[in-house]
Structures are given as C-alpha cells and as structure tokens.
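Chains as they are written, first to last, in numbering that gives the first Met the number 0: chain A, 0 to 334; chain B, 0 to 302.
Some clues are possibly wrong.
[What the hints assert, rightly or not] For lysine-lysine, the following BS3-like pairs were computed, each having C-alpha atoms within a straight-line distance of at most 25 Å:
no.	chain 1	residue 1	chain 2	residue 2
1	A	K69	B	K128
2	B	K95	A	K328
3	A	K57	B	K142
4	B	K191	A	K35
5	B	K191	A	K29
6	B	K142	A	K330
7	B	K142	A	K35
8	A	K328	B	K101
9	B	K128	A	K57
10	B	K101	A	K35
11	A	K330	B	K191
12	B	K128	B	K240
[Claimed, not checked] Covered stretches of chain B, going by a simulated chain A footprint (3 or more residues, C-beta under 8 Å):
no.	region
13	11-17
14	62-73
15	96-106
16	112-122
17	197-208
18	221-229
Keep in mind that the hints were calculated from the coordinates and are not lab data. We treat Cβ as the ideally placed atom computed from N, Cα and C, and that holds for glycine.
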Amino acid sequence: MNTQNPANPSNQVLNRDSFFASNLRSAHLKDFLFGKLIQLNAIAAIAIVFLIFIYVGKEALPVFYSAEAKKEASLDNLFTRQNYGTEDMPLSFVWQPVSEVPKYSVLPLFLGSLKVTLIALFFASPLAIAAAIYTAEFSSYKVREIVKPIVELLAGIPSVVLGFLALMVMATWLQDLFHFDYRLNAINAGLALGIAIIPIIYTISEDALTAVPRSYREASLALGVSPWKTAWSVVLPAATPGIFAALVLGFGRAIGETMIVLMASGNAAITSLSFTDSVRTLSATIAAELGEVVNGSPHYSVLFLLGAMLFVVTFILNMLGEAFVGRLKRKMMGT
Amino acid sequence: MLTRRTEFSGRVFQFLTGLACLIILLMVVLILGNIYIHGHGHLSWKFLSAAPEEGMTAGGIFPAIYGTVLLVILMTVAVVPVGVMVAIYLHEYSSKTSLFYKATRLAVSNLAGVPSIVFGLFGVGFFIKFVGGNVDRLFYGGKLVYGQPAILWAALTLAVLTLPVVILTTEDTLRSIPNELREASLALGATKAQTILRMVLPQALTGIMTGGILAVSRGAGEVAPILFTGAAYFLPELPTKLNSQFMELGYHIYVLSTQSPDVEATRPILYSTVFVLLALTFLLNLVAILIRSQMRARLRRTA
Numbered sequence: 000m001n002t003q004n005p006a007n008p009s010n011q012v013l014n015r016d017s018f019f020a021s022n023l024r025s026a027h028l029k030d031f032l033f034g035k036l037i038q039l040n041a042i043a044a045i046a047i048v049f050l051i052f053i054y055v056g057k058e059a060l061p062v063f064y065s066a067e068a069k070k071e072a073s074l075d076n077l078f079t080r081q082n083y084g085t086e087d088m089p090l091s092f093v094w095q096p097v098s099e100v101p102k103y104s105v106l107p108l109f110l111g112s113l114k115v116t117l118i119a120l121f122f123a124s125p126l127a128i129a130a131a132i133y134t135a136e137f138s139s140y141k142v143r144e145i146v147k148p149i150v151e152l153l154a155g156i157p158s159v160v161l162g163f164l165a166l167m168v169m170a171t172w173l174q175d176l177f178h179f180d181y182r183l184n185a186i187n188a189g190l191a192l193g194i195a196i197i198p199i200i201y202t203i204s205e206d207a208l209t210a211v212p213r214s215y216r217e218a219s220l221a222l223g224v225s226p227w228k229t230a231w232s233v234v235l236p237a238a239t240p241g242i243f244a245a246l247v248l249g250f251g252r253a254i255g256e257t258m259i260v261l262m263a264s265g266n267a268a269i270t271s272l273s274f275t276d277s278v279r280t281l282s283a284t285i286a287a288e289l290g291e292v293v294n295g296s297p298h299y300s301v302l303f304l305l306g307a308m309l310f311v312v313t314f315i316l317n318m319l320g321e322a323f324v325g326r327l328k329r330k331m332m333g334t
Numbered sequence: 000m001l002t003r004r005t006e007f008s009g010r011v012f013q014f015l016t017g018l019a020c021l022i023i024l025l026m027v028v029l030i031l032g033n034i035y036i037h038g039h040g041h042l043s044w045k046f047l048s049a050a051p052e053e054g055m056t057a058g059g060i061f062p063a064i065y066g067t068v069l070l071v072i073l074m075t076v077a078v079v080p081v082g083v084m085v086a087i088y089l090h091e092y093s094s095k096t097s098l099f100y101k102a103t104r105l106a107v108s109n110l111a112g113v114p115s116i117v118f119g120l121f122g123v124g125f126f127i128k129f130v131g132g133n134v135d136r137l138f139y140g141g142k143l144v145y146g147q148p149a150i151l152w153a154a155l156t157l158a159v160l161t162l163p164v165v166i167l168t169t170e171d172t173l174r175s176i177p178n179e180l181r182e183a184s185l186a187l188g189a190t191k192a193q194t195i196l197r198m199v200l201p202q203a204l205t206g207i208m209t210g211g212i213l214a215v216s217r218g219a220g221e222v223a224p225i226l227f228t229g230a231a232y233f234l235p236e237l238p239t240k241l242n243s244q245f246m247e248l249g250y251h252i253y254v255l256s257t258q259s260p261d262v263e264a265t266r267p268i269l270y271s272t273v274f275v276l277l278a279l280t281f282l283l284n285l286v287a288i289l290i291r292s293q294m295r296a297r298l299r300r301t302a
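Input sequences plus hints: build the corresponding full structure.
This is the structure:
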C-alpha cells in the first residue's frame, strides 16, 4: 500500500525554502559587497587626484621650512630679482641651480613656458578651428570621414616622436629658411608643440560646432543668408563657449607637454622676450634635472615645487575648460 | 554690388577653412612619410631581435621592445579592473545629481589633463618613496629593494595616467547597452551585482578591450612619466623581476637623439626605432578603431 509520510513532502518544501533563502541571503550579501567594491574604486579615482597634489607637494615642502633650502632657494630667490656678484652689478633673474652659488630664479622658466605655449597656440588654433569649421559646416560626409580619423591619427603620435622630428628635421628646415642664431629655439619648439595640440583644439571645436542645433542654420538659410555667412555669424557665435574651452584645454596641454620642448627648445634658461632665443620651460627643466639631483636637496625640492605649480595651473585651466563646456551645453539645451 | 562682395568673401572664407584642413592633412602625411622613408630601410629581423652594440651605433632594439611590452602588460593589469569599476560606478550606480558623482566626474576629467611630467613626479614621490620605501622598511628590514626606480612603479605610474582613457571608453560602451537588458534581468529577480556581472559586462567586453588597447597605445608612447620611475638607457640584461629597471622604446629614442656622441652614425637606428614605436601605437589604435566601428554597426542593427 502506498502509505505516504505526510511530513515528508512538506519537509522537503521547507528544506527547499530554506535553501533558497540562504542562497538569496548570500546573493544579497554579494550584491552589497559588490556595490561597496565599486564605490571604493570611485573613491580611489577621487583620491588619486588628491594624492598627486599631496605627494608632489610634500616633496616640495622643504622649500618653505628647511634651513638649507631657505638659504639657497627662499621664495625671494625664486621670484624676485637677485644680485649674484659684486655690489654694483645689475640685479637679474637667473636659473642656474648647479653652480658655486646656486641660482633658482623661476622667471626664465615661466617666460620660456609662456613663449613656447603662445607660439603653439597662435600656430595651432587658427588651423584647428578653421578645419573644424570646414568639416562641421562645409564639407561632404566623405571628406569628414577622412579628416576625422587622420586627426585621430595625429593625436596618436607619441610626443617623443614629434620631439624627435622637431629636433632632427624641422630645426634644420627652419634654420635653412630663416637663419636663426640658435638652431633650437622657441619657434621650433612652439611649432612642434602646436602640431601636438591641433587634435585637441580641433576635436573640441568640432564637437562644439556640431552641437549647435540644425534649426539655427535652417532659420538663417531660410532668411536668405549665405552658408558661409550663416557659419560665421550664426553657428560660430553660438559655439563660442566650446571654442573657448578648446583654447583653454589646448593651452593646458601645451604648457604641460614635456618631451617636445625638452628635445626641440635648446633648453637654455635665458631671460629674454625674443622668440628666436633658445628657451627652457618648466616641464623640460624638471625632466632634464630631476635625474641628477641629490634626493632631498634644495634643488630637488624646487623641482617638485615647479611640478606642483604646473599641476595647479593645469588643474585651474581644466576647471575653466569644463565650465565653458558646461555653459555651451546649457546654452544649446535652451535653458 | 554688395551681394557680389559678400559672395566673394564667402568663397575666400570657405577656401581658407578648407585650406586649413588640407594643411593639417599634409602635416600628418609629411610626418609619417618622413619616418617611413628614413625608417623602413634599416628594419630587419636582426634589428628587432638583437641587443644594441658598440654604444648604440649598431645592433638592434630587442631589449627596448621587450621592456615596452612588459611595461604595458603590467600597466594594463593594473588599470583595466580599476577603470572598469569606476566606469560601472559612474554609469550603473551613481545618481547623476549626487555630489559624489560630480566629484568623481571632476576627478576623472582633471586626471586627464594633468601634465605627464607631473605623473612622473607623483611616481617618484608616492610609489617609489612612500610605497616602495615603506615596503622596504616593513618587509626587507630597510634594505633597498622596492624603494628605487623599477618597472613595477613605472607601470603603476602609467596606469594612473591612462585611467581616464579606460574609464571614458568603458562608460561609452555601458551607455550603448540597452536598458531593457538590465530591466529584464532585474525583473527576473537578479540582484544588481548579478545583472552587471552576467548581463552588462559580457555585452561590454569588446568595449572594455578597446579601452585597454587605447590605454596601451597611449602608455607605450609616454616617456616623461617613466624618466625617473624605472627606464634605463642601457641594460645588459632583460628585466626579470618586478623591481628591475628596463629599457623602453620612447626613452630609447629620447636618449639616442639627445645624448648620442655620434648623431650621424645612430641616425638610421634612431629612425627605425621611431618607425617601430609608431607602427606599434598605430597598429593598436587601428585595432581599437576597427573594434569600435564593428560595435557601432552591431548597435545599429539591434536598434
């Protein structure tokens, strides 16, 4: 006879339930842990930015308190005109950290960075913005599909390769053309740097132009305005914040770029306003000198201070660029 | 009269913008052409597989290729998991209005703009002096093992530098995965973790690979961050341990072109090294572009 134990099936059900329940619990536990892990990584991403500032700044701190550093590289030495010689010699700004009397004036380096960056911007921005206008407003789909990947290709060229070409090839061409006093000078480095920042300026400008709604153009064209006039006086003004962002971010990229200026600028820290002199930039100074300084010496700390300054400058430029992009977005959404 | 003049200046304006495009294209052609013409002649199997000889004026660049590959492999292992998880946070977990979301977004965009030389300083100050120094103090009794330039620290420095690349590419991919997939999974009772691990990530795999490849191509070309964190001009042996120093293609180019005693003798070697580095980065970029275009095509078909 089929005598079933009535307790048995329900027992099984109970077991199965508790099995599911424990499985569910462990799934929820895993879910919770996974969420925390993800959050931890996001925290790490934020922490890295702070860590960069803290650990670059930490190595620079002795400039402000160490007695040794104060003697050689006080803030006065860094930023104001100094007398390095006899009483009646004119005061000067000199960067010459490896010498009997180490001289740490950062002005020639600031000037160098600024000169090279300005040349790069003046060379790159008209080209890049004009090219962006062409691909966004006038070109056919086919041309656009050729130009964009090629600009991406340009962006993919490592900066050491551009530096190499500026050093070996472009410097010789420019020398033959203009007969500069120095073969490696601010113009040579600036032009090479300009080539390096064309992609970033082009890409951001192009994004800004294509973000302008089609209706702007249609309205203008419907009123009988010619395509170029539409591009010039309707689309371009609407995209202005984006173009500003492109320039600001291009500036930030140029001022921090290292290998190109290290190889192509001549690296002489001369305090002059001439664009045909050799220059030494902030970034190139760090790259050229950090390898040979004594760990913890005033020179070492000053180089980290230069790095911290570069970090702060580019950080501010980035924020500014982001703000411009944000403004463009709000403007285009019509709020 | 007036319309004719605007017509004319319009033509000029259009012509000038087109010219700018052409100039940029010509520059790229000139750069690549110059390197191809001077670089491909010296290439040979021996050049790729032999070590440098006679003070870098002869021989090959194998140690530099080996060092570069090892460096980017270590970098990828470090950067991809972190980058993917940050992207998952940004796209799957955060609320777009929360302060934490905005802070993370800001951190990522600022990280992308930090100059590469500053990453180098960070590598020295944080990885070598702080992490390496403390590891030596705690585990090696103060003996100098990890508190010095090493391939591990160079790779981690590059990982920090390429983090935004991985995050942004992965985020793009996550954005392209339809929400219905997530909703279906959640509706069947799967937890969020299960949904992401079993539904979203498998779909995002090619995109994550693209991010990794782009990071590698970026990392392989960067020299400034590894100047002080582990790259060496010449080493008789290949790097075998995590704390070995290494030779690297970009660094090789830099040293060879600025500190060579005989520039004319090294010129062919130099050009071929540049050719190899460019070929490597372009090949990687090309693969990434192809994967991406295929992904877009697939997306269009499903949409």
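Status of the hints after comparison with the structure:
Of the supplied pair hints, the one linking A:K69 and B:K128 holds, its CA atoms being roughly 23 Å apart against a limit of 25 Å. The straight-line distance between the Cα atoms of B:K95 and A:K328 is roughly 16 Å, inside the 25 Å bound, and the hint therefore holds. Between A:K57 and B:K142 the alpha-carbon distance is near 24 Å, which keeps this suggested pair within the 25 Å criterion. Distance check on the hinted pair: B:K191 and A:K35 sit about 12 Å apart at the alpha-carbon level, within 25 Å; holds.
For a cut-off of 25 Å, the pair hint linking B:K191 to A:K29 stands: about 10 Å separates their Cα positions. Between the alpha carbons of B:K142 and A:K330 the distance comes to roughly 60 Å, so the proposed pair goes past 25 Å and is violated. Our distance criterion of 25 Å between C-alpha atoms is broken by B:K142 and A:K35, whose separation comes to about 37 Å. Restraint check for A:K328 and B:K101: the C-alpha separation of about 16 Å stays at or below 25 Å, so the hint holds.
With a C-alpha separation of about 11 Å, the suggested pair B:K128 and A:K57 falls inside the 25 Å cut-off, and the hint holds. For a cut-off of 25 Å, the pair hint linking B:K101 to A:K35 stands: about 18 Å separates their Cα positions. In summary, the hint linking A:K330 to B:K191 is not supported, as the alpha carbons are separated by about 36 Å, beyond the 25 Å threshold. Among the hinted pairs, B:K128 with B:K240 is consistent with the structure: their alpha-carbon atoms are about 19 Å apart, no more than 25 Å.
Counting residues of the region 11-17 of chain B whose C-beta lies closer than 8 Å to any C-beta of chain A gives 5; at least three are required, and the coverage claim holds. Residue count for the region 62-73 of chain B with a Cβ under 8 Å from a Cβ of chain A: 0. That is fewer than the three needed, and the coverage hint is violated. For a cut-off of 8 Å, the count of residues in the region 96-106 of chain B with a CB near a CB of chain A stands at 5, and the three-residue condition holds. For the region 112-122 of chain B, the assignment as covered by chain A holds, since 10 residues bring a beta-carbon within under 8 Å of that chain's beta-carbons and 3 suffice.
Only residues whose beta carbon comes within less than 8 Å of a beta carbon in chain A count, and the region 197-208 of chain B has 0; fewer than three means the coverage is violated. With 5 residues having a Cβ less than 8 Å from any Cβ of chain A, the region 221-229 of chain B passes the three-residue criterion, so the hint holds.
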